[in-house]
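The lines below spell out each chain.
Protein chains: 2
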Amino acid sequence: MSDWREFGPDTLSPPLRAALVVFARHGYHGASIRMIAEEAGLSVPGLYHHYRSKQAILAAVVDTAMAEMLEHTGAAVEDAGSHPVARFENLVECLARFHMARRDQAFVASTEMRSMDPGVRAHHIAQRDSQQAMLEEAIRAGVDSGDFACEHPEDAARAISSLCVSISSWYRPDGPLTRDDVVARHLYFARGMVGAARAGGVADPSPSPS
Amino acid sequence: MSDWREFGPDTLSPPLRAALVVFARHGYHGASIRMIAEEAGLSVPGLYHHYRSKQAILAAVVDTAMAEMLEHTGAAVEDAGSHPVARFENLVECLARFHMARRDQAFVASTEMRSMDPGVRAHHIAQRDSQQAMLEEAIRAGVDSGDFACEHPEDAARAISSLCVSISSWYRPDGPLTRDDVVARHLYFARGMVGAARAGGVADPSPSPS
Chain A
1 MSDWREFGPD
11 TLSPPLRAAL
21 VVFARHGYHG
31 ASIRMIAEEA
41 GLSVPGLYHH
51 YRSKQAILAA
61 VVDTAMAEML
71 EHTGAAVEDA
81 GSHPVARFEN
91 LVECLARFHM
101 ARRDQAFVAS
111 TEMRSMDPGV
121 RAHHIAQRDS
131 QQAMLEEAIR
141 AGVDSGDFAC
151 EHPEDAARAI
161 SSLCVSISSW
171 YRPDGPLTRD
181 DVVARHLYFA
191 RGMVGAARAG
201 GVADPSPSPS
Chain B
1 MSDWREFGPD
11 TLSPPLRAAL
21 VVFARHGYHG
31 ASIRMIAEEA
41 GLSVPGLYHH
51 YRSKQAILAA
61 VVDTAMAEML
71 EHTGAAVEDA
81 GSHPVARFEN
91 LVECLARFHM
101 ARRDQAFVAS
111 TEMRSMDPGV
121 RAHHIAQRDS
131 QQAMLEEAIR
141 AGVDSGDFAC
151 EHPEDAARAI
161 SSLCVSISSW
171 YRPDGPLTRD
181 DVVARHLYFA
191 RGMVGAARAG
201 GVADPSPSPS
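Order-wise, the sequence lines are chains A and B. Under UniProt numbering, residues 1 to 210 are what the first sequence spells out, in order. Under UniProt numbering, residues 1 to 210 are what the second sequence spells out, in order.
To be clear, the hints were calculated from the coordinates, so they are not data collected in a lab. Any given hint might turn out to be false.
Said to hold, decoys possible - What follows is a list of derived Cβ distance ranges for each label pair:
{"hint": "1", "chain 1": "A", "residue 1": "Pro9", "chain 2": "B", "residue 2": "Gly8", "range": "48 to 54 Å"}
{"hint": "2", "chain 1": "B", "residue 1": "Ala86", "chain 2": "A", "residue 2": "Ser130", "range": "49 to 55 Å"}
{"hint": "3", "chain 1": "A", "residue 1": "Pro173", "chain 2": "B", "residue 2": "Ser32", "range": "32 to 38 Å"}
Cβ coordinates follow ideal geometry from the N, Cα and C atoms, glycine included.
Taking the hints into account, I'd like the entire structure generated from these sequences.
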C-alpha cells in the first residue's frame, strides 16, 4: 500500500457496486435480485453466475469494505512506529478517512447487521472487533506511557469507533468541511475522550493513580 | 414530568408498537401492512382504520419517540438551571438515557431516514436539529464561561449526539454495564470532547484566545 490515507476508487466488482446502490437505497429486505441485476446491466441468471444468492452478495459487499479498512489500518499502525499516541492517532484518522471514502459500504454494513445470516454476521463482527481491539490496545499503551488518562479503554475504543462510523451518515464531499477538517476535529474529540494531555504541550496535571 | 431521567414503558399505541417490531426486524421496505396488522392482531382494514399508510405509521413511530425525547430534554434543561456545565451534562445524560430506553425507536429513526417522504423527513430533521441546537448552545455558553475549550461547538454537538445515538446499537439491558455506568462513561467522553476542565477540579491551564 502506497499511502494508507488515500482511498482511491472503490474495489468493488461491478455487480457488487450495483448491489451496494440498491441496498443503500431500498435496504437489504427491500432489494431484489432483479433490481440488482438491472442496476448492474445483467440478466438475473447472469448475476447468479457471479453470486449464488442475495445473502452472498451482501456478504461480499461488506467483506470487501472490511478487508480494505483492515489493510489500511494495518499500514496506519505500521506507519506510526512504536509510539502509542501516534498509533492511536493514526488509527482514528484511518477510521475517519475510511468512513468518508466508503460512506455507502459503511452505512450498509452498520444498518444491515440484522439481515446477515449468522455466519456472515459472525465474520463481520470478528473483523470489526479486531479493528476495535487495535484501538483499545493503543489506548492501553497510552495509559501505560502516561500519555492518556482513561479508566475504560474498551468503552473508549467502542465509543471512538462509533463516532467515526457516524461520519458516514452526515459527511458530504461537497459540504463545508474538507476531509482534513473532519480528521482534525475527530482527532481533537478522540484525544479528549481518552484524557490525552492537552494540545499546546500542557501535560495533564492530575496525579496518576498508584 | 416527574423525572426526566426516568423513561417508563413506551408511549406507543399498540399498532405503532407492532409496526416498530416489524420495522426493526425487516426494515421499512421489507415490512408490509399485512405483517404489521398480523403483529398487532388486527385485520388489514382494521389497521387502515388507524393509519392511512405505511408511511403514516413510520411518521407516527418516529414522531412519538422524538416528541418524548424533546419533552425529557426540556425538563433536563430546566432542571439544570443557569449553569452551562450542568445544562451540558443534563443534555448528554438525557440523550444517553433516551437511547438506552428507546433502542428500537432510535434505530428505526436513524436507519430509515432514507425511507421517509420529504415532509416526514423534514419534520424529523427539524426535531433532531432543535435538540442538537440546545446542545450546541450549552457548549457555546460553556466556552464563554471558560468552562470548556472547544473551537467547533457545532461539530462537537453533532459528534456528541452521534455518539449517544450509537448507544442504541450496542447497549443491552442484560449486558455488563448498568445504565448509570453508560451515563458516567458518556459524560466523561463528552466532557473530553468539549475540552472541559478535567475532573478533579484542575482547570484547563491553556490560555484563552483573545
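Right, here's what the structure says about each hint:
Distance hint for proline 9/A and glycine 8/B: a CB-CB separation of about 51 Å, consistent with the stated range 48 to 54 Å. A C-beta distance of roughly 40 Å is found between alanine 86/B and serine 130/A, which places it outside the suggested range of 49 to 55 Å. The hinted range of 32 to 38 Å is satisfied by proline 173/A and serine 32/B, whose Cβ atoms lie roughly 36 Å apart.
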